[in-house]
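Participant: Throw the hints in and build the complete structure from the sequences for me.
According to the UniProt record's numbering, the sequence shown is numbered sequentially starting from 1.
Check each hint, because a few of them may be wrong.
Said to hold, decoys possible - The calculated DSS-like cross-link candidates involving lysine-lysine, where the alpha carbons are at most 25 Å apart (straight line), are:
no., residue 1, residue 2
1, LYS450, LYS556
2, LYS183, LYS17
3, LYS532, LYS716
4, LYS177, LYS17
5, LYS415, LYS245
6, LYS556, LYS603
7, LYS375, LYS352
8, LYS239, LYS282
9, LYS282, LYS245
10, LYS257, LYS415
11, LYS17, LYS187
12, LYS257, LYS237
13, LYS17, LYS167
14, LYS375, LYS257
15, LYS237, LYS290
16, LYS239, LYS273
17, LYS273, LYS257
18, LYS273, LYS221
19, LYS716, LYS603
20, LYS100, LYS375
21, LYS221, LYS415
22, LYS248, LYS415
23, LYS447, LYS319
24, LYS547, LYS447
25, LYS290, LYS643
26, LYS450, LYS319
27, LYS221, LYS383
Note that these hints are calculated values from the structure, not bench results.
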Amino acid sequence: MNTPYAPGAVSRRSFLKVAAAAGGGLMVGFWPGQGMAAAAGAPADLNAFIAIGADDRIVLTMPKVEMGQGTYTSVPMLIAEELEVDMSQIEVRHAPPDAKVYGAPFGDQFTGGSLTIRLLYEPMRQTGAAARMVLVQAAADGWQVAPDSCRAERGEVVHTASGRRVKYGQLVAAAAKLPAPEKIALKQPKDFKLVGQPAKRLDAKGKTDGSAMFGIDAQVKGMKVAVVAASPVIGGKLKSVNDAKARKLRGVRQIVKLDNAVAVVADNYWYAKQGLAALDIKWDEGQYAKLGTDDVRKLMVAALQKPGHIARNDGDALKALAADGQRIEALYVNPMLAHATMEPMNCTVHVKGDGTAEIWTGSQVPARARDDAAKVLGLAPEKVTLHNHYIGGGFGRRLYTDYVVQAAAVARQVKSPVKLVWSREEDIQHCLLRGMYAHSVSASLGKDGKPLAFSHKIAGPSNLASFAPGWLKDGLDIDNVEGSDVFSYDIPNMRSEYTQEDGPVPTAFWRGVGPTRNMTVLESFMDELALKVGQDPLVYRLSLLDKQPRAAQVLKVAAERAGWGTPLPPRSGRGIALMRSWGTYLAQVVDVAVSDDGEVTVKRVVCAVDCGQVVNPDTVAAQIQSGINFGLTAGLFGVITLKDGRVEQSNFHDYPILRMSQAPRIDVVLVPSSEAPGGIGEPGTAGVGAALTNAVFAATGVRVRELPLRAEMLKKA
Numbered sequence: 001m002n003t004p005y006a007p008g009a010v011s012r013r014s015f016l017k018v019a020a021a022a023g024g025g026l027m028v029g030f031w032p033g034q035g036m037a038a039a040a041g042a043p044a045d046l047n048a049f050i051a052i053g054a055d056d057r058i059v060l061t062m063p064k065v066e067m068g069q070g071t072y073t074s075v076p077m078l079i080a081e082e083l084e085v086d087m088s089q090i091e092v093r094h095a096p097p098d099a100k101v102y103g104a105p106f107g108d109q110f111t112g113g114s115l116t117i118r119l120l121y122e123p124m125r126q127t128g129a130a131a132r133m134v135l136v137q138a139a140a141d142g143w144q145v146a147p148d149s150c151r152a153e154r155g156e157v158v159h160t161a162s163g164r165r166v167k168y169g170q171l172v173a174a175a176a177k178l179p180a181p182e183k184i185a186l187k188q189p190k191d192f193k194l195v196g197q198p199a200k201r202l203d204a205k206g207k208t209d210g211s212a213m214f215g216i217d218a219q220v221k222g223m224k225v226a227v228v229a230a231s232p233v234i235g236g237k238l239k240s241v242n243d244a245k246a247r248k249l250r251g252v253r254q255i256v257k258l259d260n261a262v263a264v265v266a267d268n269y270w271y272a273k274q275g276l277a278a279l280d281i282k283w284d285e286g287q288y289a290k291l292g293t294d295d296v297r298k299l300m301v302a303a304l305q306k307p308g309h310i311a312r313n314d315g316d317a318l319k320a321l322a323a324d325g326q327r328i329e330a331l332y333v334n335p336m337l338a339h340a341t342m343e344p345m346n347c348t349v350h351v352k353g354d355g356t357a358e359i360w361t362g363s364q365v366p367a368r369a370r371d372d373a374a375k376v377l378g379l380a381p382e383k384v385t386l387h388n389h390y391i392g393g394g395f396g397r398r399l400y401t402d403y404v405v406q407a408a409a410v411a412r413q414v415k416s417p418v419k420l421v422w423s424r425e426e427d428i429q430h431c432l433l434r435g436m437y438a439h440s441v442s443a444s445l446g447k448d449g450k451p452l453a454f455s456h457k458i459a460g461p462s463n464l465a466s467f468a469p470g471w472l473k474d475g476l477d478i479d480n481v482e483g484s485d486v487f488s489y490d491i492p493n494m495r496s497e498y499t500q501e502d503g504p505v506p507t508a509f510w511r512g513v514g515p516t517r518n519m520t521v522l523e524s525f526m527d528e529l530a531l532k533v534g535q536d537p538l539v540y541r542l543s544l545l546d547k548q549p550r551a552a553q554v555l556k557v558a559a560e561r562a563g564w565g566t567p568l569p570p571r572s573g574r575g576i577a578l579m580r581s582w583g584t585y586l587a588q589v590v591d592v593a594v595s596d597d598g599e600v601t602v603k604r605v606v607c608a609v610d611c612g613q614v615v616n617p618d619t620v621a622a623q624i625q626s627g628i629n630f631g632l633t634a635g636l637f638g639v640i641t642l643k644d645g646r647v648e649q650s651n652f653h654d655y656p657i658l659r660m661s662q663a664p665r666i667d668v669v670l671v672p673s674s675e676a677p678g679g680i681g682e683p684g685t686a687g688v689g690a691a692l693t694n695a696v697f698a699a700t701g702v703r704v705r706e707l708p709l710r711a712e713m714l715k716k717a
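Facilitator: See the structure below:
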């Protein structure tokens, strides 16, 4: 997700704070941006972000959540690097919901948009370095020597000349009385011991031995379990429910009616499921009772004819295109998709008799989740305690709080604590979907075959308009044009435009957000242009990248590693694509084989990545690999369809995900770079779609402009 904020735009003087912790410890935290610091006031609780105790324990309060992306390892690496401690010395805890303390620089506490390392790279290093410096100063003061005669080493301060040493825990009380350093001495990359080196995941042990707590693992004394059935039709309401049979079933305790749903509360999940199946529910299906996929598609395609907001307008592309009777034009459409997280939506709520409430869940927006639940419960936010846990898949879905709000609405009618769990069917059929988007692309080519003019117009829902309307720039959704607005190729007349058409389907961010949709279209169309003039797709791209050395380099590296140009068997193909977004450049080459029946097998994917300074190369590789498999799932299988206002898919039998036996070999090549860190959680997904469709074209001669791939389209003639 793009943002209007530059990750490196905060100054040291605006955020560093040093204070005493409970028990005589040391706390160091930061509040990026003068505006956020002022909004937070004089922080009483300096637990953001590291605390060093007299017992030498180092606790990092993580401002971001862990949902498989490795944040709970890479961020501690930044602290440990500058603080001069071993990774094993750092204990990580989830940050409580507090947008003022943990929401800088946005004023909103969220994890998403491939932003974590981009935002925290310097502040976390500065925080670790500041802690190191005050500890060294405290030791020097005690020894009555100059601070520069001392050094930090493995959780101790050492006086170089005499060999005297003292542990951090013995210094924290004195260090807490010192002011934050005026000048922060950060390490040079050449001196890094941890950053840039592979590191084992700190959360791996708990996730393999079962001790790690996810939201769905919450257990509260006296807890009941609720399952829910929401209106199967988009926008429908509950008309009536006959619960006579359900109430007679073993373990069923209560039936809770909501505006658009019914919940059954029981002693356990199985009893609740049985009770739900026994209900006789009547729905008011509302105005979308006949809505189908084709209706949504027609709406989005028609919106392309409406004026939109301009994201980029170099030269005069429309004039050049209008004058060219031989211009190349194409219509692409992105399908609706579900998130299909492995951990379905869930939330446990205990409304207490003393005017307070407690919540256990996994959320990408913990402060929003608490505040939205508090509204439903009629409580002040400070009366609600939210315990955030590991997340079994976010992908943007848990940037939304609908499942938390629903759990609160059920819990306010139940005397005991209640855990609400969505079934897999409920999770897919009531997912806030990746919306459908239509794209009109056109180009005018010069005598040399290079684009003289290029236009890309997008129509579809605006997630920013509902999630963060303040991020709209004069009405322009910067997420929906991301990738298109910084299209890397040298084109003298380039236009990027977006028309908002929300339509009736509730939508949400989906891993890779705007670039996932846009780069699939743009990089497929680049292949169309190359083939139109009879040029190799790689050579054609490189001829347009003289001013973009990082983009050209990843293309060259990926092509060389993949063996670009080497022969392949019949009905096999190799496709290439470039992606630039989130401050990251990457190129992917996909090898496919297509059977005579039209079945596609992805044999290999090569991905060259320049994401600037790398913190943990293992995490980068893992994120690229997972992103590629996520993107291949969508490209090969992913589509949500509507009939009579209902989502037709319900579980993994008809909304399949890539299985281990189907996953290709993935080679990730990290291109060394000294640039600022780029995002890595989403680029792999955003970059693979076009490489896949280009490979399929190379194998079959069929140009796919609407995913997923369908066997009937690709059968041998």
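Participant: Compare the structure with each hint and give your call.
Facilitator: These are the hints, each one checked on the structure:
A distance of roughly 19 Å separates the Cα atoms of LYS450 and LYS556; the hinted pair therefore holds under the 25 Å criterion. Simply put, LYS183 and LYS17 have alpha-carbon atoms about 13 Å apart, close enough for the 25 Å limit, and the pair holds. With a CA separation close to 23 Å, the supplied pair LYS532 and LYS716 stays within the 25 Å bound. In summary, the hint linking LYS177 to LYS17 is supported, as the alpha carbons are separated by about 11 Å, within the 25 Å threshold.
Distance hint between LYS415 and LYS245 is fulfilled; the C-alpha atoms sit about 23 Å from each other, no more than 25 Å. The suggested pairing of LYS556 with LYS603 holds, with an alpha-carbon distance near 20 Å, which does not exceed 25 Å. Restraint check: the Cα-Cα separation between LYS375 and LYS352 comes to about 15 Å, which is no more than 25 Å; the hinted pair holds. For a cut-off of 25 Å, the pair hint linking LYS239 to LYS282 stands: about 5 Å separates their Cα positions.
For the given pair, LYS282 sits about 15 Å from LYS245 by alpha-carbon distance, which is consistent with the 25 Å threshold. The hinted pair formed by LYS257 and LYS415 meets the criterion: a straight-line CA distance of about 15 Å does not exceed 25 Å. Under the criterion of a C-alpha separation no larger than 25 Å, the hint pairing LYS17 with LYS187 is consistent with the structure, at around 20 Å. Among the hinted pairs, LYS257 with LYS237 is consistent with the structure: their alpha-carbon atoms are about 11 Å apart, no more than 25 Å.
For the hint linking LYS17 to LYS167, the alpha-carbon distance of about 22 Å falls within 25 Å, and the restraint holds. Between LYS375 and LYS257 the CA atoms are separated by roughly 18 Å; this keeps the pair inside 25 Å, and the hint holds. Note on LYS237 and LYS290: the hinted pairing holds, with a Cα-Cα distance of about 15 Å set against a maximum of 25 Å. Using a Cα cut-off of 25 Å, the hinted pair LYS239 and LYS273 holds, with the two alpha carbons roughly 21 Å apart.
For the suggested pair LYS273 and LYS257, the alpha carbons sit about 16 Å apart, so the restraint of at most 25 Å is met. Restraint check for LYS273 and LYS221: satisfied, since their Cα atoms lie roughly 21 Å apart, inside the 25 Å limit. At most 25 Å may separate the alpha-carbon atoms for a hinted pair to count; LYS716 and LYS603 meet this at roughly 19 Å. Distance restraint check for LYS100 and LYS375: the Cα-Cα separation of roughly 19 Å lies within the 25 Å cut-off, and the hinted pair is therefore satisfied.
Restraint check: the Cα-Cα separation between LYS221 and LYS415 comes to about 13 Å, which is no more than 25 Å; the hinted pair holds. In summary, the hint linking LYS248 to LYS415 is supported, as the alpha carbons are separated by about 20 Å, within the 25 Å threshold. Between LYS447 and LYS319 the alpha-carbon distance is near 18 Å, which keeps this suggested pair within the 25 Å criterion. With a C-alpha separation of about 21 Å, the suggested pairing of LYS547 with LYS447 holds against the 25 Å cut-off.
Note on LYS290 and LYS643: the hinted pairing holds, with a Cα-Cα distance of about 7 Å set against a maximum of 25 Å. Between LYS450 and LYS319 the CA atoms are separated by roughly 17 Å; this keeps the pair inside 25 Å, and the hint holds. For the hint linking LYS221 to LYS383, the alpha-carbon distance of about 20 Å falls within 25 Å, and the restraint holds.
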